[in-house]
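In the order they appear, the protein sequences are chains E and W. Under my numbering, the very last position in the first sequence is 766; numbers go up by exactly one each time. Under my numbering, the very last position in the second sequence is 1232; numbers go up by exactly one each time.
In short, the hints are calculated from the structure, not lab data. Heads up, a few of these hints could be off.
Selected chain W positions facing chain E (in silico; Cβ < 10 Å) [unchecked claim]: (1) Asp1113; (2) Ser1151; (3) Ala1152; (4) Leu1153; (5) His1202; (6) Arg1205.
In silico lysine-lysine, DSBU-like type, Cα no more than 30 Å apart, as pairs [to be verified]: (7) Lys350/E x Lys1002/W; (8) Lys1112/W x Lys435/E; (9) Lys536/E x Lys356/E; (10) Lys1019/W x Lys579/E; (11) Lys579/E x Lys350/E; (12) Lys1019/W x Lys350/E; (13) Lys70/E x Lys579/E; (14) Lys79/E x Lys536/E; (15) Lys579/E x Lys1112/W; (16) Lys435/E x Lys204/E; (17) Lys1112/W x Lys1019/W; (18) Lys1077/W x Lys204/E; (19) Lys350/E x Lys435/E; (20) Lys41/E x Lys70/E; (21) Lys1002/W x Lys1019/W; (22) Lys41/E x Lys204/E; (23) Lys79/E x Lys435/E; (24) Lys70/E x Lys521/E.
Using N, Cα and C, we set each Cβ at its ideal position, and we do this for glycine too.
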Amino acid sequence: MITGDGTASATHVAPRQGDPDITPELVAEHGLSEDEYERIKGLMGRAPTFTELGVFSAMWSEHCGYKNSKRLLRLLPTKAPWVIQGPGENAGVIDVGDGYALAFKIESHNHPSAVEPYQGAATGVGGILRDIFTMGARPVAVLDSLRFGDLDSGRVRYLFGGVVRGVGDYGNCVGVPNIGGEVVFDRGYEGNPIVNAMCLGLMKREDLITASASGVGNPVMAVGARTGRDGIHGATFASEELNEDSDESSRPRVQVGDPFTEKLLLEASLELIASGAITGIQDMGAAGITSSAAEMAGRAGNGVEIDMADVPVREDQMTPYEILLSESQERMLVVAENGREDEVVRILEKWELEAKVIGSVTDDSRFRVLENGVTVADIPALPLTDGCPTYERDGIEDERIQALRDTDLRNHWLPRGNLTGPFLRVLGSPNVASKQWVYHQYDTTVRTATSVRPGGDAGVIRIRGTDRAVAATTDCNGRFVYLQPRMGAMIAVAEAARNLVCVGALPVAITNNLNFGNPLKPHIYYQLRESVLGMKAACEAFETPVTGGNVSLFNETDGRAIYPTPVVGMVGLIEDTSKIVQQAFTTEGDDIVLLGENTNELGGSEYLYVTARLVAGTPPAVDLEKERALQQAMMAMTHGRHLRSARDCSDGGLACTLAECSLGDGETPLGIDIRLDDDMPPVPNLFSESQGRIVVSCSPEETPEVLRIAEEHGVPAAKIGSVRNAESSFRIAMSEGRIEAALDTMADAYFGALARIMDAPSTSGA
Amino acid sequence: MKVAVVTFPGSNCDYDLYKAVQQVGADATFVWHRERGLEGYDAVLLPGGFSYGDYLRAGAIARMSPVMEDVIDFAAKGGPVVGICNGFQILCEAGLLPGALVRNASLLFAGKDVMLRVERVDTLFTSNYQQNQVLRVPIAHGEGNYEADESALDRLEGEGHVVFRYVNGAGEPTDAANPNGSRRNIAGIINENGNVLGMMPHPERAMEDLLGSTDGIGIFTSLATSLSAVAS
Chain E
1 MITGDGTASA THVAPRQGDP DITPELVAEH GLSEDEYERI KGLMGRAPTF
51 TELGVFSAMW SEHCGYKNSK RLLRLLPTKA PWVIQGPGEN AGVIDVGDGY
101 ALAFKIESHN HPSAVEPYQG AATGVGGILR DIFTMGARPV AVLDSLRFGD
151 LDSGRVRYLF GGVVRGVGDY GNCVGVPNIG GEVVFDRGYE GNPIVNAMCL
201 GLMKREDLIT ASASGVGNPV MAVGARTGRD GIHGATFASE ELNEDSDESS
251 RPRVQVGDPF TEKLLLEASL ELIASGAITG IQDMGAAGIT SSAAEMAGRA
301 GNGVEIDMAD VPVREDQMTP YEILLSESQE RMLVVAENGR EDEVVRILEK
351 WELEAKVIGS VTDDSRFRVL ENGVTVADIP ALPLTDGCPT YERDGIEDER
401 IQALRDTDLR NHWLPRGNLT GPFLRVLGSP NVASKQWVYH QYDTTVRTAT
451 SVRPGGDAGV IRIRGTDRAV AATTDCNGRF VYLQPRMGAM IAVAEAARNL
501 VCVGALPVAI TNNLNFGNPL KPHIYYQLRE SVLGMKAACE AFETPVTGGN
551 VSLFNETDGR AIYPTPVVGM VGLIEDTSKI VQQAFTTEGD DIVLLGENTN
601 ELGGSEYLYV TARLVAGTPP AVDLEKERAL QQAMMAMTHG RHLRSARDCS
651 DGGLACTLAE CSLGDGETPL GIDIRLDDDM PPVPNLFSES QGRIVVSCSP
701 EETPEVLRIA EEHGVPAAKI GSVRNAESSF RIAMSEGRIE AALDTMADAY
751 FGALARIMDA PSTSGA
Chain W
1001 MKVAVVTFPG SNCDYDLYKA VQQVGADATF VWHRERGLEG YDAVLLPGGF
1051 SYGDYLRAGA IARMSPVMED VIDFAAKGGP VVGICNGFQI LCEAGLLPGA
1101 LVRNASLLFA GKDVMLRVER VDTLFTSNYQ QNQVLRVPIA HGEGNYEADE
1151 SALDRLEGEG HVVFRYVNGA GEPTDAANPN GSRRNIAGII NENGNVLGMM
1201 PHPERAMEDL LGSTDGIGIF TSLATSLSAV AS
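Modelling step: build the complete structure from the supplied sequences, incorporating the hints.
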């Protein structure tokens, strides 16, 4: 009869009454090419029904099928002794010591957020939380990496405010602390906000459960919220470009979230997993029941048969097509041990949720869907999940980029003398300024585990009952990747690693979110390929394998793409929480030491954007060996407790890094005296975003040891100044220029920027 | 000291509160909102979170849970009850404390540290603090704006029912120090009988240096001290 290996053997499924005929236009509307349609007919042995077409449209969408990225993603390093689960499951998992494991992943919700920012962002958080607790891990932290256009646009302010409220309301209600992230404003993201949400979850190693439909005859159950018509074709929507019609017509494709239900679902799921009554569980995310059922079956090498009439629905007369493709939130698919269905129902009922048997695991390797006992879809399971065609495209760099890289920046070096004015402008630019306006809308302390809160380089969650902690950060400078993709992607990984060592954490693994334009365009595919190659090189150099992630393509509006933005979500381990390093200067009289070297590399800098609206020049070079040496020197310094504070140099250059160290969280700012003797004009000295640099402070007694450790690792290091007190100014002196600013003027620029723009009362300092 | 931590669907600070009670050496038990009978407990705590998703009004639905009858009874008999954040909202909805918590004046959620001044040290919950001591405690709420009419506020102040007030580092109750617009910078109050405390900030999150402050410990130790004094 039917074989599951995809050989053509026709199973007849009668067309369903009321369903439209399959026409070439209908196929195209479903996001499938003619070739892909032929391929479907080939593996089905016949033309698909309307329901089957919907299933393929979702499973073979870019979002679910990774058509244009899979071959590149296979290039990335994914293994290490501490990796328990690599790519392929709902989240990656690493061993963090003392019997604990950390599940973590980053995911995007870009297209929905462009249309409905609040729900788009909220459901993005909801989805990533489910990806974590479906592994058996309790979510312990979230981070958000957000990008918008310039804030002088009213629409951008609307998107920004909506996204932050959405992230906050959802995470706060579920009760998971936000410990970090980034917010970037650049015209490159004008029509296409980027909303990436990362989640970390903790569990005991033995609690890990996979999303696999094992045990032929076991019941398949839908648990959680009822299914409605929201979000149908969300996966297909995420795989298309936006245009001026996208707003209203796309609204039904945006999912609607309920964090209260999610909280109940989270507790119920963890209880279910602990009970042993289930053999597999997966969240229903993109492509809802379809993807969860098909993927679970595919992983186990089994089949699954489900009847749509048994699925709890909340709207009338839903067709199988609608039920299968609905992306209603807060639902899980569970495979129970045969005979233990009642236990599952009981656990869900305690949490005031529903659980219903909708089908069973079969041994015929088919994905079969019934409507009241009548078959409406019958597809070989493995070809459905793994048979999605993958493409390798031509990639050619856009010829204008080379010209941008070659832009002569020398005129920008000209300003000399008193540079306090430009410094305050850069410090107060939305990209550099404090993000307190954002993270004060997040609960950052619930669950009493946050040892380092947002505002520094990385967030830290301690593991109760041990001396250990895990640290996490998200990083990517899209401008750098735009100007030179391979280098820019390496920089994203390098910056993430520097951020982790600055809190005293050893970088161990990453998750990534690749946000790009339309990969069918050669210059975009070039960006994608080069970024993956850059990420590969850095991850290999730093021994930080990729355990999973997300790809979001087609981020374009009216033909204009976002900057290529491969966001790196990196995690690190802290063995002793007493060695966590502070982020700002703490003590008058401390020495300020620069690890690494200042270089004249103003390309792609915030200074250029603020003073000249320019994104041009060659991005700063990154040397992976030097970065590794710097990381190792930092680990030695923190292990030996030689440092008072550490901060990575990035946006806004050395001047802004020093400012952040001076101001801290605004409660106890301290003045500083710095002398720079580099052989270059003052502007690039202050504002280049050169790589491989960390600013540390230590007591003068520790300085010789700090310098010795640096030298031992081949890291250039020099004392550049001293920490003063709260009454002093912030002073940087160079041979041809200087900055001299009052701390309260700086605080006003830095802490007041976003609040002033968004019309909220300032929440600076106390 | 045996403490009940009442949990509603959507409570999410119950675990933190449980650990805080254990940290001061007392016995903590989770009591699910459908359970009945609080005899045998020395104190009842209502944790923070989003019970019932804050549908309708924060605390409005939780207030009708079966267990609340027992909480009201427990309080009427003089038993110590503490409501933190959503717990405070539930106590106001249940009529155990006057006034109401409404949306923050900024209309934004507020998640950060605040400074509180201890207004009275002769209560069950503050005996281990110094008069006018300034505490650093985190808040995390969208509806923490304490409102009551003028005469109710005057009565609260006049009868010394204000226990915690939002202040700046120098101990002054300024507007800048008020994170949510609460009338008279009120952060926590007790009832007529002095056995029911409601407060918006989270003392259970200020129990360890590693997490930013140990200023919350006093509330739990004060309670333990008061109860052992009663027992002995």
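Structure-based check of each hint:
1. A least Cβ separation of about 8 Å between aspartate 1113/W and chain E falls short of the 10 Å threshold, and the interface hint therefore holds.
2. Checking serine 1151/W against chain E by beta carbon gives a least distance of about 29 Å; that is not within 10 Å, so the hint is violated.
3. This hint is violated: alanine 1152/W has a C-beta 26 Å from the nearest C-beta of chain E, more than the 10 Å allowed.
4. For leucine 1153/W, the interface hint is violated, since its Cβ never comes within 10 Å of a Cβ in chain E; the closest pair sits about 23 Å apart.
5. Among the interface hints, the one on histidine 1202/W holds; its C-beta lies about 7 Å from the nearest C-beta in chain E, closer than the 10 Å criterion.
6. This hint holds: arginine 1205/W has a C-beta 5 Å from the nearest C-beta of chain E, less than the 10 Å allowed.
7. Between lysine 350/E and lysine 1002/W the alpha-carbon distance is near 25 Å, which keeps this suggested pair within the 30 Å criterion.
8. With a CA separation close to 13 Å, the supplied pair lysine 1112/W and lysine 435/E stays within the 30 Å bound.
9. Proximity of lysine 536/E to lysine 356/E is assessed by CA-CA distance (about 44 Å); at most 30 Å being required, the pair is judged violated.
10. Annotation: proposed proximity of lysine 1019/W to lysine 579/E holds, straight-line Cα distance about 24 Å (limit 30 Å).
11. For the hint pairing lysine 579/E with lysine 350/E, the CA-to-CA distance comes to about 42 Å; that exceeds 30 Å, so the pair is violated.
12. For the hint linking lysine 1019/W to lysine 350/E, the alpha-carbon distance of about 24 Å falls within 30 Å, and the restraint holds.
13. Among the hinted pairs, lysine 70/E with lysine 579/E is inconsistent with the structure: their alpha-carbon atoms are about 40 Å apart, more than 30 Å.
14. This hinted pair checks out: lysine 79/E and lysine 536/E have alpha carbons roughly 12 Å apart, not beyond 30 Å.
15. The hinted pair formed by lysine 579/E and lysine 1112/W meets the criterion: a straight-line CA distance of about 24 Å does not exceed 30 Å.
16. Distance restraint check for lysine 435/E and lysine 204/E: the Cα-Cα separation of roughly 34 Å exceeds the 30 Å cut-off, and the hinted pair is therefore not satisfied.
17. Between lysine 1112/W and lysine 1019/W the CA atoms are separated by roughly 21 Å; this keeps the pair inside 30 Å, and the hint holds.
18. Distance check on the hinted pair: lysine 1077/W and lysine 204/E sit about 43 Å apart at the alpha-carbon level, beyond 30 Å; violated.
19. Taking the CA atoms of lysine 350/E and lysine 435/E, the gap is near 40 Å; set against the 30 Å cutoff, the hint is violated.
20. Proximity of lysine 41/E to lysine 70/E is assessed by CA-CA distance (about 23 Å); at most 30 Å being required, the pair is judged to hold.
21. In summary, the hint linking lysine 1002/W to lysine 1019/W is supported, as the alpha carbons are separated by about 13 Å, within the 30 Å threshold.
22. With a C-alpha separation of about 46 Å, the suggested pair lysine 41/E and lysine 204/E falls outside the 30 Å cut-off, and the hint is violated.
23. Straight-line distance between C-alpha atoms of lysine 79/E and lysine 435/E comes to about 35 Å, which puts the hinted pair past the 30 Å bound.
24. The hinted pair formed by lysine 70/E and lysine 521/E meets the criterion: a straight-line CA distance of about 17 Å does not exceed 30 Å.
Going down the numbered hints, you'll see the structure goes against 2, 3, 4, 9, 11, 13, 16, 18, 19, 22, 23, while the others check out.
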